[in-house]
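Given the sequences, and given the hints that come with them, work out the whole structure.
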Amino acid sequence: PITWSCRSLTTHGSMPEEDGANRAERRWLTSLGISRLWDGRSSSCAEDQRSVVSENVDQPTEEECFASRVQSKWARVKGIYTDDDVHMERDVTVKVTQLAFMAGTFVGGMSGYATTKQRYDMYKTGRTFLSARDAIRRKWDYGIVMSAKQGLRVGLRSAALVGSIVLLTTHYTLWRDRFSAWYFPVISASVASVLAFPLGLIGSLKALGLGISSGLSLSAVVVLYAMSMDKTVNEAYGIFKSEYEERLRCEKRREDNLQAFMKEHNIPWRYTAIKKMREEEERRLLEEAE
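Final position of the sequence shown in our numbering is 290; the numbers increase by one with none missing.
These are calculated hints, taken from the structure and not from any lab test. In this text, all values refer to a predicted model and were calculated from it rather than measured experimentally. Honestly, I wouldn't trust all of these hints.
[As the list claims (entries may be wrong)] Distance windows between CB atoms, simulated: (1) K117 x D177: 49 to 55 Å; (2) R133 x Q259: 34 to 40 Å; (3) V145 x N266: 39 to 45 Å; (4) L258 x G200: 50 to 56 Å; (5) L218 x Q98: 15 to 21 Å; (6) D134 x I274: 44 to 50 Å; (7) V145 x D256: 38 to 44 Å; (8) W140 x Q98: 26 to 32 Å; (9) A103 x E251: 44 to 50 Å; (10) W74 x L99: 27 to 33 Å; (11) Y123 x L218: 28 to 34 Å; (12) Q98 x Q259: 17 to 23 Å; (13) D177 x L152: 36 to 42 Å; (14) T82 x N257: 37 to 43 Å.
By construction, the Cβ of each residue, glycine as well, lies at the ideal position given by its N, Cα and C atoms.
What follows is the structure, given as structure tokens:
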């Protein structure tokens, strides 16, 4: 093998071909190491800069995070009254309140018949009427007025009680984005006891017990409904809400089509428009069958 000394290299000023290749390789490796070292230093500098920037940026506090979550929940609740889409919470609250008012008015008017008759018997004592027909007319007038008054009072109370329970339950579920079976007993007991404040402590306690018992009954119905579907209570509520809103959308589309048909054919009555729409639909089906 050929050996080269430093003296011979400096004396002759030339290198063999193999040593020149090794030298070029060493230069390349050296430059590669320097570039990697520079990249590492630049990346560390970038990380330091990012850490400094992150330190300079104010991190949100717990109060700000809590306020942001509350604001998003309130935005979700207000959204059912601002957009044009149908929502179960709004529709159920209105329909249940109306039904409670009508049922309370009817039951209150009929249940006050005995009291009304007794008060009228006391009223007519010692009075003279023009005729038997006049006495009967006065009796009926008095009974109708008192029944309507009593029924209106009971209807308003029923609407306030039932409507408040449904409103708070559905909207609180929307606010939390989660439903629980304990909402009914807690909310119904709270609303009943608050509305019974004018009746005193005993009346509030009775209303509290009635609210808890009725709320537990509703919770039992909800739990049985969820068990029949083999779902949790929250999942069953979500499925029920989706199906209910889908039916509302179908009803809204039919109503929009009916209103457009009435406007197009200048029909003022809904029944006439519905009848004519059915006739045209039957005619169209017969033409397609032929």
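*asked:* Please list, smallest to largest, the hint numbers that this structure does not respect.
replied: 2, 9, 11 and 14
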